[in-house]
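Student: This is what each chain is made of:
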Amino acid sequence: MTGEVAVLGAGMHPWGKWGRSFVEYGTKAARDALADAGLEWGAVQSVVGADTVRGGYPGYVAGATFARALGWQGARVTSVYAACASGAQAINTARAQILAGMAEVVLVVGADAAPKGFFAPAGGERPDDPDWLRFRVLGATNPEYFGLYARRRMALYGDTVEDFAQVKVKNSAAGAANPYARYRKRVTAEEVAASPVVADPLRLLDICATSDGAAALVLSSMDFARRHGAADPVRIRAVSTATPHYPRTVLDLPDIATDSAAAVPEPATGFRASIARGAYEEAGIGPEDLSLAEVYDLSTALELEWYEDLGLCGAGEATKLLRDGATALGGRLPVNASGGLSSFGEAVPAQAVAQVCELTWQLRGHAGERQVPGARVGLTANQGLFGHGSAVVAVR
Amino acid sequence: MPRIRKPVVPGWFDQDAADFRLLGTRCRDCGSVFFPREDTFCRNPGCAGGELDEVPLSRRGTVWSYTDGRYRPPAPYVSDPDVEWRPYTLVAVELAAERMVVLGQAAPGVGVADLAVGAEVELVPGVLDEDAEHIWTTWWWRPVAGASGREAAA
Chain A
1 MTGEVAVLGA GMHPWGKWGR SFVEYGTKAA RDALADAGLE WGAVQSVVGA
51 DTVRGGYPGY VAGATFARAL GWQGARVTSV YAACASGAQA INTARAQILA
101 GMAEVVLVVG ADAAPKGFFA PAGGERPDDP DWLRFRVLGA TNPEYFGLYA
151 RRRMALYGDT VEDFAQVKVK NSAAGAANPY ARYRKRVTAE EVAASPVVAD
201 PLRLLDICAT SDGAAALVLS SMDFARRHGA ADPVRIRAVS TATPHYPRTV
251 LDLPDIATDS AAAVPEPATG FRASIARGAY EEAGIGPEDL SLAEVYDLST
301 ALELEWYEDL GLCGAGEATK LLRDGATALG GRLPVNASGG LSSFGEAVPA
351 QAVAQVCELT WQLRGHAGER QVPGARVGLT ANQGLFGHGS AVVAVR
Chain B
1 MPRIRKPVVP GWFDQDAADF RLLGTRCRDC GSVFFPREDT FCRNPGCAGG
51 ELDEVPLSRR GTVWSYTDGR YRPPAPYVSD PDVEWRPYTL VAVELAAERM
101 VVLGQAAPGV GVADLAVGAE VELVPGVLDE DAEHIWTTWW WRPVAGASGR
151 EAAA
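If you read the sequences in order, they're chains A and B. Take the first sequence: its position 76, counting from 1, is numbered 76 in the UniProt record's numbering, and each next residue is one higher. Take the second sequence: its position 94, counting from 1, is numbered 94 in the UniProt record's numbering, and each next residue is one higher.
No wet-lab data here; the hints were simulated from the structure. Check before you lean on any hint, since a few could be wrong.
Label pairs and their calculated CB-CB ranges [claimed, not checked]:
hint: 1; chain 1: A; residue 1: 193; chain 2: B; residue 2: 18; range: 46 to 52 Å
hint: 2; chain 1: B; residue 1: 2; chain 2: A; residue 2: 160; range: 50 to 56 Å
hint: 3; chain 1: A; residue 1: 101; chain 2: B; residue 2: 29; range: 42 to 48 Å
hint: 4; chain 1: B; residue 1: 10; chain 2: A; residue 2: 162; range: 43 to 49 Å
hint: 5; chain 1: B; residue 1: 134; chain 2: A; residue 2: 314; range: 46 to 52 Å
hint: 6; chain 1: A; residue 1: 204; chain 2: B; residue 2: 97; range: 38 to 44 Å
hint: 7; chain 1: A; residue 1: 19; chain 2: B; residue 2: 2; range: 27 to 33 Å
Just so it is clear, CB atoms sit at the ideal spot from N, CA and C, and this is done for glycine as well.
My request is simple: use the sequences and hints to build the entire structure.
Tutor: Rendered as structure tokens:
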């Protein structure tokens, strides 16, 4: 087992479409996290930024961008990028620095300002870039990949579009109680069914939007937390940043084809399941120990996949868990008590950090109407384009 | 001046072949197959191979899954913004011999109602888009006539 680090502070900028710079959102989240930690910015010895590809050069050097916005004070700086998993990479980088003794207090920030409509690849003529190719050759947007997974579940397990709609109903109810969520209105199954089809069988309300937003964490060594007077802080016990094993046989964004399993048999554990397994093994826990989980519901159907990949149930049994209400607020193991991407929309580099903010508030017992009673162990899970796993275990 | 027919990506298929196939590569050392093609290094972590030969992929496969694009995709997908968007169908096809899944657009006129997971489909040459100088060619998947699947049952 790896050593633990303390979560001293968590802060967010509300998700939405605010039309301002990601720097402003991130700086607000950082200031909130510092205030929550009861620390001055000058006490931070290292800042780790999760990059955005949508903010020009400042986005590629997010760590320095936020350090400058908060006022240069000489801290060590790191900027990381791992698509949707950038936030977990930033958290893991901070953790590694703390555990290595390079820094006692580290600020992690992720922020994005998203354009309207589909995410598109970087411009120019770039036939060597799989992300460019999938748009050029197939016009395959992210929701089309979500549609493929959803249809596959329907054929394999008998999931229905009504099941998918129930994920939206559940998450919108949780999101309605979250002041940081972009969508704070309960949605009915009828409203999902009445929304336009985007990528058959998925409708607009099955698919997460793209949002502006920011999230930040102040992490410290356990020693520092004690000296600072935080006797029983939320602790990060594991961070999984796994890559897949060859051959990768489940089609993933932005690929046009999977690896071939003709010469080398496919691994027993699929990629998403291996992300969770890495986190469980490092934390020395199993799915039965979880109080709650925050998963990457890019679509309603994908949330169901995560139930199985997290080992909350067997393959094909996710809809049963959903129908039983086990994963709703008040259920046995609430999933996306924050409201999930369904209620937030995706702000890419901020999202995995925001998942840990939610765990922090839940484990402190400060989640208000969304509170999972007696929460002790939380797991986040997410996956970034191009083979980036991301999962965090937090405990108290 | 006649426009030039050109593959949308060079080397992925021979647009004029009588037996139209996607072209992958196969590692001489371990036999791993790659599409899109790998030409310099084998990606099998247990193989140090660096010599890969071009290999045509299976012409037929079965539907792994399918969906469609009801909204106009962003560039670099080419479409005329002045013409009403016509959804196309996207098919993920499992190739038995290669044990891999390959995406492609369905041939025009093939909708999601014409497909079913597990149904047999075949590769056919297609046209992606055209500009002043070029006709950009691609590959399409289409249901095999008489194969199992909803279309055949109808």
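Student: Give a verdict on every hint.
Tutor: Evaluated hints:
1. A:193 / B:18: 46 to 52 Å: Cβ of residue 193 of chain A to Cβ of residue 18 of chain B: about 48 Å, so the range 46 to 52 Å holds.
2. B:2 / A:160: 50 to 56 Å: holds (51 Å)
3. A:101 / B:29: 42 to 48 Å: Check passed, 44 Å falls within 42 to 48 Å.
4. B:10 / A:162: 43 to 49 Å: holds (46 Å)
5. B:134 / A:314: 46 to 52 Å: Holds: the Cβ-Cβ distance is about 51 Å, inside 46 to 52 Å.
6. A:204 / B:97: 38 to 44 Å: holds (39 Å)
7. A:19 / B:2: 27 to 33 Å: violated (48 Å)
When the structure is compared with the earlier hints, a violation turns up for hint 7 alone.
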